[in-house]
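Protein chains in written order, with this note's numbering: chain A, 1 to 214; chain B, 215 to 294.
These are computed hints drawn from the structure, not numbers from a lab.
Be a bit skeptical, because a hint or two may be false.
Below, in silico cross-link-like pairs of lysine-lysine (DSBU-like), each with a Cα-Cα straight-line distance of 35 Å or less [to be verified]:
1) B:Lys289 to B:Lys216
2) A:Lys183 to A:Lys128
3) B:Lys282 to A:Lys183
4) B:Lys281 to B:Lys250
5) B:Lys245 to B:Lys257
6) A:Lys127 to B:Lys282
7) B:Lys257 to B:Lys289
8) B:Lys278 to B:Lys216
9) A:Lys128 to B:Lys278
10) B:Lys282 to B:Lys257
11) B:Lys278 to B:Lys245
12) B:Lys281 to A:Lys127
13) B:Lys250 to A:Lys183
14) A:Lys127 to B:Lys285
15) B:Lys245 to B:Lys273
16) A:Lys183 to B:Lys257
17) A:Lys127 to A:Lys183
18) B:Lys285 to B:Lys216
19) A:Lys128 to B:Lys273
20) B:Lys281 to B:Lys257
21) B:Lys278 to B:Lys289
22) B:Lys245 to A:Lys128
23) B:Lys285 to B:Lys250
24) B:Lys282 to B:Lys250
25) A:Lys127 to B:Lys216
26) B:Lys216 to B:Lys282
27) A:Lys183 to B:Lys289
28) A:Lys183 to B:Lys285
29) B:Lys216 to B:Lys257
30) A:Lys128 to B:Lys250
31) A:Lys127 to B:Lys273
32) B:Lys257 to B:Lys285
33) A:Lys128 to B:Lys257
Chain residues, written in single-letter form:
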Amino acid sequence: MADYADWTESIELLGSEIMVPFDVQGAYIQVPMDLQGALIQMPVDIQGQYITLDINIESVAADVTLNVNITASAVTINMDIKAQSVGIQLNPEWQVVQGTHKRLAAGGSNVAFGDSVTASYTVTAGKKLYITEFSGSNFITESATGANRVQGFFADIYNATTATRLFSVGGSWGFAISFSQPKVVPAGQQVQVRIWQYGYAVNNVQAELIGYEV
Amino acid sequence: MKGISKLYTGDFNTMNVETLPDGSQRITLTKDGDNKIYRFRVKNLYQEDEEVLEDEVIKIEQPKHIKKRMKEAIKDATTK
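Turn these sequences into a full structure, and let the hints steer you where they fit.
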């Protein structure tokens, strides 16, 4: 127990129209709020006909970081949104909005049987490449004679720096895969998109990865 | 800025690599909102003896006749 008496200050405002402006202006402003206790409850109950809750954070000179850290033995986050139209963007979609998406494609025409094509990219310093999708195809050059033959291929995403395969796939004609967990390539490491042609004598092949770099 | 610099700084959204018969690669980089295409041909990319053989910046411009038609369409839509 603290060595001072429990203290309660109630602020109760009643009226038909109430406005409580809080305007703080200064060169250096800090509004710390430190709550420590065995039981802390901070209910925010907003009810009204027209509700606007704007949180505008803008920094012209530097980046903005908004960290929400929750540490507990169990965490439940409930979001109950009832609306005619709700838009929530997943991270890959959001990165497109932010312009940090990446698409790396390797392609070749008249690639000989057993040969491959490669696209290499070294991840920019200070960033990571998150790979979310991978696709490719082996499509015929000589349709008259090659149309009935299985257009085989082998493709992979290869980290050339660590000499490890992040993902590989074999098959015929084509494929497209979305990763439930992105493949991550750290800064300075080289990722390669590769596809081998195992179809007809010569064929066209194409493989590409999609992701984002942040 | 040269295409190879765009690659090394990661300043692009799409990268198309075409392997050519001589072993070199033609790389095309584009970025959303940028009206330029960076296309260069390189040999031995990321190797010590890397060599850029060709380098061009292509400006993306809407053909004049489409521009004219769009302008007419907007004018038509606003007058009705």
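Status of the hints after comparison with the structure:
no.	hint	result
1	B:Lys289 to B:Lys216	violated (39 Å)
2	A:Lys183 to A:Lys128	holds (10 Å)
3	B:Lys282 to A:Lys183	violated (46 Å)
4	B:Lys281 to B:Lys250	holds (18 Å)
5	B:Lys245 to B:Lys257	holds (23 Å)
6	A:Lys127 to B:Lys282	violated (43 Å)
7	B:Lys257 to B:Lys289	violated (50 Å)
8	B:Lys278 to B:Lys216	holds (27 Å)
9	A:Lys128 to B:Lys278	violated (41 Å)
10	B:Lys282 to B:Lys257	violated (42 Å)
11	B:Lys278 to B:Lys245	holds (23 Å)
12	B:Lys281 to A:Lys127	violated (39 Å)
13	B:Lys250 to A:Lys183	holds (30 Å)
14	A:Lys127 to B:Lys285	violated (42 Å)
15	B:Lys245 to B:Lys273	holds (12 Å)
16	A:Lys183 to B:Lys257	holds (28 Å)
17	A:Lys127 to A:Lys183	holds (14 Å)
18	B:Lys285 to B:Lys216	holds (34 Å)
19	A:Lys128 to B:Lys273	holds (30 Å)
20	B:Lys281 to B:Lys257	violated (39 Å)
21	B:Lys278 to B:Lys289	holds (17 Å)
22	B:Lys245 to A:Lys128	holds (18 Å)
23	B:Lys285 to B:Lys250	holds (23 Å)
24	B:Lys282 to B:Lys250	holds (21 Å)
25	A:Lys127 to B:Lys216	holds (21 Å)
26	B:Lys216 to B:Lys282	holds (32 Å)
27	A:Lys183 to B:Lys289	violated (49 Å)
28	A:Lys183 to B:Lys285	violated (45 Å)
29	B:Lys216 to B:Lys257	holds (16 Å)
30	A:Lys128 to B:Lys250	holds (25 Å)
31	A:Lys127 to B:Lys273	holds (29 Å)
32	B:Lys257 to B:Lys285	violated (44 Å)
33	A:Lys128 to B:Lys257	holds (26 Å)
Taken one by one, the earlier hints fail for this structure at numbers 1, 3, 6, 7, 9, 10, 12, 14, 20, 27, 28, 32, listed in ascending order.
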